[in-house]
Amino acid sequence: MLKATVYVTIKKSVLDPQGVAVQGALRSVGFQEVESLRIGKYMEMTLDTDDRAVAEERLKEMCEKLLANTVIEDYRYELED
Amino acid sequence: MKFAVLVFPGSNCDIDCYKAVEDTLGEPVDYVWHTATDLSAYDCILVPGGFSYGDYLRCGAISQFAPVMAEVAKAAEQGKFVLGICNGFQILTEAGLLPGALRRNMSMKFRCHDSVLKVVNNATPFTVDYAKDEEIIIPIAHGEGNYYCDDETLEQLKANNQIVFTYSDNPNGSVDDIAGVSNIQGNVVGMMPHPERAANALLGSEDGKRMFTSILKTWRDRHGAASIR
Chain A
26 MLKATVYVTI KKSVLDPQGV AVQGALRSVG FQEVESLRIG KYMEMTLDTD
76 DRAVAEERLK EMCEKLLANT VIEDYRYELE D
Chain B
59 MKFAVLVFPG SNCDIDCYKA VEDTLGEPVD YVWHTATDLS AYDCILVPGG
109 FSYGDYLRCG AISQFAPVMA EVAKAAEQGK FVLGICNGFQ ILTEAGLLPG
159 ALRRNMSMKF RCHDSVLKVV NNATPFTVDY AKDEEIIIPI AHGEGNYYCD
209 DETLEQLKAN NQIVFTYSDN PNGSVDDIAG VSNIQGNVVG MMPHPERAAN
259 ALLGSEDGKR MFTSILKTWR DRHGAASIR
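So the protein lines, in turn, are chains A and B. The numbering used here puts the last residue of the first sequence at 106; the count rises by one with no breaks. The numbering used here puts the last residue of the second sequence at 287; the count rises by one with no breaks.
Next up, chain A with everything else stripped away, as it sits in the complex (with noise of 0.2 angstroms):
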């Protein structure tokens, strides 16, 4: 068994509203050091493998396929045992 952590952030070259909101709700209760702030997804499974070669690339198929949209977003994943 392998646990992946996928993680899912808006590009850096598309608005994400999401995270400007957060970033002035911030900076208007006092937190004046945060310049930038995104908003993204985590999701975490545990894959029915053992073999890290073969978990990598079945996740990145997975983040290609649905997990991410590629055309506003990027995507990355850690795996551990």
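Hints in this document: simulated from the structure, not taken from any laboratory. Small disclaimer: the values here were computed from a predicted structure and weren't measured. Ideal Cβ positions, reconstructed from N, Cα and C, are used throughout, including at glycine. One or more hints might be untrue.
As the list claims (entries may be wrong) - Result set (DSSO-like, lysine-lysine): computed pairs, CA atoms no more than 30 angstroms apart in a straight line: (1) K85(A) to K60(B); (2) K60(B) to K267(B); (3) K36(A) to K216(B); (4) K176(B) to K66(A); (5) K90(A) to K167(B); (6) K90(A) to K138(B); (7) K167(B) to K132(B); (8) K138(B) to K176(B); (9) K60(B) to K36(A).
To be verified - Covered stretches of chain A (in silico footprint by chain B; criterion: 3 or more residues with CB under 8 angstroms from a CB of chain B, positions within the stretch not fixed): (10) 42-49; (11) 75-87.
Unchecked claim - Restraint-style ranges between C-beta atoms, simulated for each label pair: (12) W91(B) to G49(A): 19 to 27 angstroms; (13) F56(A) to Y114(B): 28 to 36 angstroms; (14) R101(A) to E135(B): 30 to 38 angstroms; (15) E192(B) to E105(A): 54 to 62 angstroms; (16) R101(A) to N258(B): 45 to 53 angstroms; (17) T95(A) to L261(B): 32 to 40 angstroms; (18) P67(B) to K37(A): 33 to 41 angstroms.
Chain B: place on chain A using the hints.
Chain B in isolation, oriented as in the chain A frame:
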């Protein structure tokens, strides 16, 4: 001419689309469930608004894999007419049948009001009954209608005349005020505003009616049938 109105779990503008076809055109129309695997009987497929599959993950992300969507892709390839409205537009972009993606509105607000659209391309099967650059009133109701595409795609959209409608007063932050686009062939159109909610003067505007009459007119022209009634 036969119309299909797709129904996903969470569709909520399906009845409006059905009624718009029934009342405006009087042509046969069926509700078609998302599990259907045959659309060969239909000439036009309407993908209605709503919150398909709860809009979990992203709007339209899960619907793109509904069994019926493989048939929609097939129909699009055959040159049949496919119109995605609101969530239907989101589904068609997720499915790769239309370019771009829909993001959260710039204002972070759900916008629900009439919008003034400019008909940029009146040569699609959905817009022939409008004049080019005509301004029409069609309501919007969405939280994620902020159209995005990269610069390269935008240039292609312009070069191929794929921008069908633009907003006069961009309500969501869309790139280049885009409210609706088509595929290169022009037989697949997606738009955030709801023409089916503007199909009767009682609803505040009947400017949406001509989208439906356009479809029938184009279909009849192509099939050499009698003129529109």
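Quick rundown of the hints versus the structure:
Taking the CA atoms of K85(A) and K60(B), the gap is about 41 angstroms. The hint is violated against a cut of 30 angstroms. With a C-alpha separation of about 17 angstroms, the suggested pair K60(B) and K267(B) falls inside the 30 angstroms cut-off, and the hint holds. Between K36(A) and K216(B) the alpha-carbon distance is near 24 angstroms, which keeps this suggested pair within the 30 angstroms criterion. Taking the CA atoms of K176(B) and K66(A), the gap is near 36 angstroms; set against the 30 angstroms cutoff, the hint is violated.
The hinted pair formed by K90(A) and K167(B) meets the criterion: a straight-line CA distance of about 29 angstroms does not exceed 30 angstroms. Between the alpha carbons of K90(A) and K138(B) the distance comes to roughly 26 angstroms, so the proposed pair stays at or under 30 angstroms and holds. Straight-line distance between C-alpha atoms of K167(B) and K132(B) comes to about 36 angstroms, which puts the hinted pair past the 30 angstroms bound. Of the pairs offered as hints, the one joining K138(B) and K176(B) holds, with about 25 angstroms between alpha carbons and a cut-off of 30 angstroms not exceeded.
For a cut-off of 30 angstroms, the pair hint linking K60(B) to K36(A) is broken: about 41 angstroms separates their Cα positions. Counting residues of the region 42-49 of chain A whose C-beta sits closer than 8 angstroms to any C-beta of chain B gives 3, which meets the bar of three, so the coverage hint holds. Requiring three or more residues with a Cβ within less than 8 angstroms of a Cβ of chain B, the coverage given for the region 75-87 of chain A is violated, as only 0 such residues are present. In this structure the supplied range 19 to 27 angstroms is violated for W91(B) paired with G49(A), their Cβ-Cβ distance being about 43 angstroms.
Our hint of 28 to 36 angstroms for F56(A) and Y114(B) holds, since their Cβ atoms are close to 31 angstroms apart. As the Cβ distance of R101(A) to E135(B) is approximately 34 angstroms, the hint placing it in 30 to 38 angstroms holds. Between E192(B) and E105(A) the CB atoms are about 59 angstroms apart, so this pair conforms to the stated range of 54 to 62 angstroms. Taking the beta carbon of each, R101(A) and N258(B) are about 50 angstroms apart, inside 45 to 53 angstroms as hinted.
Range check, T95(A) to L261(B): about 38 angstroms between beta-carbon atoms, so the 32 to 40 angstroms window is met. Between P67(B) and K37(A) the CB atoms are about 35 angstroms apart, so this pair conforms to the stated range of 33 to 41 angstroms.
Of the numbered hints listed earlier, those contradicted by the structure are 1, 4, 7, 9, 11, 12.
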